[in-house]
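Make the complex out of the two chains shown on their own, each in a separate frame, by following the hints.
Here is what each chain is made of, one letter per residue.
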Amino acid sequence: MNLRVAGREYISFSSVYLVLHLFLSFVCAKNAHNMNIPILFRTYESHETHPECKIWEAARATSATPMFFKRIEIGRAQPFIDGGVGRNNPSWVVLDEANSLFGARPIGCLVSIGTGKVEAVSIRRPSFFQQIIPTDVIEALKAIATDCEDTHEHMLRLFAQLPTTYFRLNVEQGMERIKLSKWERLSKVEAHTAQYLRRKEVDKKLVLLGKIVAAPKARLTIEQLGMYNPHFQSGNGSSLLQCPLGPWNRSSTGWNASTVRHLWPPL
Amino acid sequence: MLERLRMDVFTAIKHYDTMVKDVFSHPKKRPGDGKFKATKLEAAIKSIVKDVTGNSESPLLERNESTGCRT
Chain Z
1 MNLRVAGREY ISFSSVYLVL HLFLSFVCAK NAHNMNIPIL FRTYESHETH PECKIWEAAR
61 ATSATPMFFK RIEIGRAQPF IDGGVGRNNP SWVVLDEANS LFGARPIGCL VSIGTGKVEA
121 VSIRRPSFFQ QIIPTDVIEA LKAIATDCED THEHMLRLFA QLPTTYFRLN VEQGMERIKL
181 SKWERLSKVE AHTAQYLRRK EVDKKLVLLG KIVAAPKARL TIEQLGMYNP HFQSGNGSSL
241 LQCPLGPWNR SSTGWNASTV RHLWPPL
Chain H
268 MLERLRMDVF TAIKHYDTMV KDVFSHPKKR PGDGKFKATK LEAAIKSIVK DVTGNSESPL
328 LERNESTGCR T
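Protein chains in written order, with the working numbering: chain Z, 1 to 267; chain H, 268 to 338.
In isolation and in its complexed conformation, chain H is listed as follows (with noise of 0.2 Å):
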């Protein structure tokens, strides 16, 4: 968040808020490879990236762009 997303840390927290409330309020009703659903969570994390990236199928590595001289 703090990074790829450049996030400043208080909107950082906010969204880990959020994010945790709709991830860990259900847990499975029946447990099996996991205790909660990890569809929630990757719908989470999507939603996140969308609303910094507007994609939320942004790639993870930053081609050159993050290599030149920023200031």
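For reference, chain Z alone in the conformation it holds in the complex (with noise of 0.2 Å):
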């Protein structure tokens, strides 16, 4: 994912790293003693750096996907897993960064890179898997693909009145046979995004997109984006209740106002 701020600075985020022209980035993993709240290993001072931690250790804290690598313990014995359910498309993650690094500013562009469409119902039934791969890695995986959807779908409302700024490439079809761990299979991979790269719409997609990141018109701040779009502006304060802000902090009941509020300040 690439966010632009306005003027010079470059943010480009491949799956989980925030960068800048400047080379800002950071990774997303949880602390498996509370699961509600993102962890961000930056590679840049902010208040709430890990000043002691490795690259190595980062990379293996957000790769240690449940079920497939044990969690990692950083620090004072903090143990880490993988951003997992909520976080594997971390759009939300990075505009609250950018905010709060760059608020005043206005957003040139935000582009998600996801890593392949998998539609739920193309998962075969859990009978047939059973003996080969645990049901709640099926669920787990199930989970992760309706997750990133569903935040795609909040950032197209999000963006909705700024159409050339929010940007989403993702393999649409052949990714969802394609286990996580299956390696030998990355020729098919490569195969299924050269076809997706070569449709007619991702590619004029693609041109926009290079003149968009070469010229941003930068246009509102991400605060002004939570207000501008007529979602998130219908009245008084208990709709921005219902806004699909900050994923991490859903509750039964909807979603946490003090997340949405720290995200997008209200009128």
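Don't read these hints as lab results, they were simulated from the structure.
Positions of the beta carbon are idealized from the N, C-alpha and C atoms, including for glycine.
Some hints could be false.
Calculated cross-link-like contacts (lysine-lysine; reagent style DSBU-like; alpha-carbon spacing at most 30 Å) [claimed, not checked]:
1) Lys307/H with Lys295/H
2) Lys296/H with Lys281/H
3) Lys281/H with Lys117/Z
4) Lys317/H with Lys281/H
5) Lys281/H with Lys295/H
6) Lys307/H with Lys70/Z
7) Lys117/Z with Lys295/H
8) Lys188/Z with Lys313/H
9) Lys188/Z with Lys307/H
10) Lys281/H with Lys70/Z
11) Lys70/Z with Lys313/H
12) Lys302/H with Lys288/H
13) Lys281/H with Lys204/Z
14) Lys188/Z with Lys302/H
15) Lys217/Z with Lys205/Z
16) Lys304/H with Lys117/Z
17) Lys307/H with Lys281/H
18) Lys70/Z with Lys302/H
19) Lys281/H with Lys200/Z
20) Lys117/Z with Lys205/Z
21) Lys296/H with Lys313/H
22) Lys188/Z with Lys205/Z
23) Lys205/Z with Lys281/H
24) Lys188/Z with Lys204/Z
25) Lys317/H with Lys304/H
26) Lys70/Z with Lys295/H
27) Lys296/H with Lys188/Z
28) Lys304/H with Lys70/Z
29) Lys70/Z with Lys117/Z
30) Lys117/Z with Lys302/H
31) Lys281/H with Lys211/Z
32) Lys288/H with Lys188/Z
33) Lys304/H with Lys188/Z
34) Lys188/Z with Lys281/H
35) Lys307/H with Lys288/H
36) Lys295/H with Lys188/Z
Residues from chain Z that face chain H, not an exhaustive set, calculated with beta carbons under 8 Å [as the list claims (entries may be wrong)]:
37) Thr43
38) Cys53
39) Lys54
40) Trp56
Now the structure itself:
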């Protein structure tokens, strides 16, 4: 995902990285003791820096997908696992981070790159798979796929009135039968990706994206963006409670108001 | 890889190919806490970091140098 914030600051975010032309980046993980809030391991100073964290530790933490690898302890025996559900498409995390870094500057563009669409329906019934992989892995993969697309839908709504600001690239077909650990199928991943990139609408999107990255038309700050969308300004503060913001604080009753306000202060 | 290690895309893909083969080729015989060996993953990551920075224990944080102007 690339996020371009007005002027010359260039943020690029590939899967789990946020980068400026200054090379600012982070990866997401979760503290197994507190799964609600994503932990960001950043390459730059911030109020929440992990000063002793090594590159390999951060990479290891964000790769610690439950059921694939065991958790890793960093710092004072804090156990970390992969960002997981709610963080597989980290667009909200990027916007929040960009807002705290460059809140006053307008956003140029946000590019989100997916790892392939997995249609829930294409995942075969557990009975077939049970002998090979446990049902909970299938459930986890479904949740990840749904989670990524949900976030994408929210982004589309958020950026509805700024059509040349949000871009999502995601291979739409063929990836659903490729399991996370099937390294021998990488050539297929490559083939599906090439096919996706050849599609006319994708090609047009890439050309447009190239132009926007080269010369962003920054018009609104991230905070204004939240207010700009009619979905977010339909009156009183209670409407904000229904906003799909800060998915990590989702509860059975809706969205946590404090997180929403932290991200997008109401008028 | 692309950012902290400043790899170009082709180099990153090359390293990724090697890494996933190392890590996913041999699932644990007795899957306990995860299907694959975290030690293999750690070794693969460290080897890449060492390749690029010369030190497998390089810190994630880039002090000051990343906040200055880079041309």
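Quick rundown of the hints versus the structure:
1. The suggested pairing of Lys307/H with Lys295/H holds, with an alpha-carbon distance near 11 Å, which does not exceed 30 Å.
2. At roughly 28 Å between alpha-carbon atoms, Lys296/H and Lys281/H fall within 30 Å of each other, so this suggested pair holds.
3. Only pairs whose Cα atoms come within 30 Å are accepted, and Lys281/H paired with Lys117/Z is accepted, the gap being roughly 23 Å.
4. Simply put, Lys317/H and Lys281/H have alpha-carbon atoms about 16 Å apart, close enough for the 30 Å limit, and the pair holds.
5. Our distance criterion of 30 Å between C-alpha atoms is met by Lys281/H and Lys295/H, whose separation comes to about 25 Å.
6. In summary, the hint linking Lys307/H to Lys70/Z is supported, as the alpha carbons are separated by about 12 Å, within the 30 Å threshold.
7. Restraint check for Lys117/Z and Lys295/H: the C-alpha separation of about 28 Å stays at or below 30 Å, so the hint holds.
8. At roughly 27 Å between alpha-carbon atoms, Lys188/Z and Lys313/H fall within 30 Å of each other, so this suggested pair holds.
9. Distance restraint check for Lys188/Z and Lys307/H: the Cα-Cα separation of roughly 24 Å lies within the 30 Å cut-off, and the hinted pair is therefore satisfied.
10. At most 30 Å may separate the alpha-carbon atoms for a hinted pair to count; Lys281/H and Lys70/Z meet this at roughly 25 Å.
11. Restraint check for Lys70/Z and Lys313/H: the C-alpha separation of about 17 Å stays at or below 30 Å, so the hint holds.
12. As the CA atoms of Lys302/H and Lys288/H are separated by approximately 15 Å, the hinted pair is consistent with the 30 Å bound.
13. For a cut-off of 30 Å, the pair hint linking Lys281/H to Lys204/Z stands: about 28 Å separates their Cα positions.
14. Simply put, Lys188/Z and Lys302/H have alpha-carbon atoms about 23 Å apart, close enough for the 30 Å limit, and the pair holds.
15. Only pairs whose Cα atoms come within 30 Å are accepted, and Lys217/Z paired with Lys205/Z is accepted, the gap being roughly 16 Å.
16. Using a Cα cut-off of 30 Å, the hinted pair Lys304/H and Lys117/Z holds, with the two alpha carbons roughly 27 Å apart.
17. A distance of roughly 18 Å separates the Cα atoms of Lys307/H and Lys281/H; the hinted pair therefore holds under the 30 Å criterion.
18. Proposed proximity of Lys70/Z and Lys302/H is supported: the alpha carbons are some 9 Å apart, at most 30 Å.
19. Of the supplied pair hints, the one linking Lys281/H and Lys200/Z holds, its CA atoms being roughly 28 Å apart against a limit of 30 Å.
20. For the proposed pair Lys117/Z and Lys205/Z, the alpha carbon gap of about 18 Å is at most 30 Å, so the pair holds.
21. At most 30 Å may separate the alpha-carbon atoms for a hinted pair to count; Lys296/H and Lys313/H meet this at roughly 24 Å.
22. A C-alpha spacing of about 23 Å is found between Lys188/Z and Lys205/Z, which places the hinted pair at or below 30 Å, so the restraint holds.
23. For a cut-off of 30 Å, the pair hint linking Lys205/Z to Lys281/H stands: about 27 Å separates their Cα positions.
24. With a C-alpha separation of about 24 Å, the suggested pairing of Lys188/Z with Lys204/Z holds against the 30 Å cut-off.
25. For a cut-off of 30 Å, the pair hint linking Lys317/H to Lys304/H stands: about 20 Å separates their Cα positions.
26. Taken as a hint, the Lys70/Z and Lys295/H pair is honoured in the structure, with Cα atoms around 12 Å apart against an allowance of 30 Å.
27. The straight-line distance between the Cα atoms of Lys296/H and Lys188/Z is roughly 27 Å, inside the 30 Å bound, and the hint therefore holds.
28. Under the criterion of a C-alpha separation no larger than 30 Å, the hint pairing Lys304/H with Lys70/Z is consistent with the structure, at around 8 Å.
29. For the hint linking Lys70/Z to Lys117/Z, the alpha-carbon distance of about 26 Å falls within 30 Å, and the restraint holds.
30. Annotation: proposed proximity of Lys117/Z to Lys302/H holds, straight-line Cα distance about 24 Å (limit 30 Å).
31. For the suggested pair Lys281/H and Lys211/Z, the alpha carbons sit about 29 Å apart, so the restraint of at most 30 Å is met.
32. Taking the CA atoms of Lys288/H and Lys188/Z, the gap is about 15 Å. The hint holds against a cut of 30 Å.
33. Under the criterion of a C-alpha separation no larger than 30 Å, the hint pairing Lys304/H with Lys188/Z is consistent with the structure, at around 25 Å.
34. Note on Lys188/Z and Lys281/H: the hinted pairing holds, with a Cα-Cα distance of about 16 Å set against a maximum of 30 Å.
35. A C-alpha spacing of about 10 Å is found between Lys307/H and Lys288/H, which places the hinted pair at or below 30 Å, so the restraint holds.
36. At roughly 25 Å between alpha-carbon atoms, Lys295/H and Lys188/Z fall within 30 Å of each other, so this suggested pair holds.
37. Here the hint on Thr43/Z is kept, as its CB sits about 5 Å from the closest CB of chain H, short of 8 Å.
38. Contact between Cys53/Z and chain H, as hinted, is supported at the beta carbon level, the nearest pair being about 5 Å apart and thus within 8 Å.
39. Interface restraint check for Lys54/Z: the shortest CB-CB distance to chain H comes to about 5 Å, inside 8 Å, so the restraint holds.
40. Taking 8 Å as the C-beta contact cut-off toward chain H, the hint placing Trp56/Z at the interface holds, the least distance being around 5 Å.
When the structure is compared with the earlier hints, no violation turns up for any of them.
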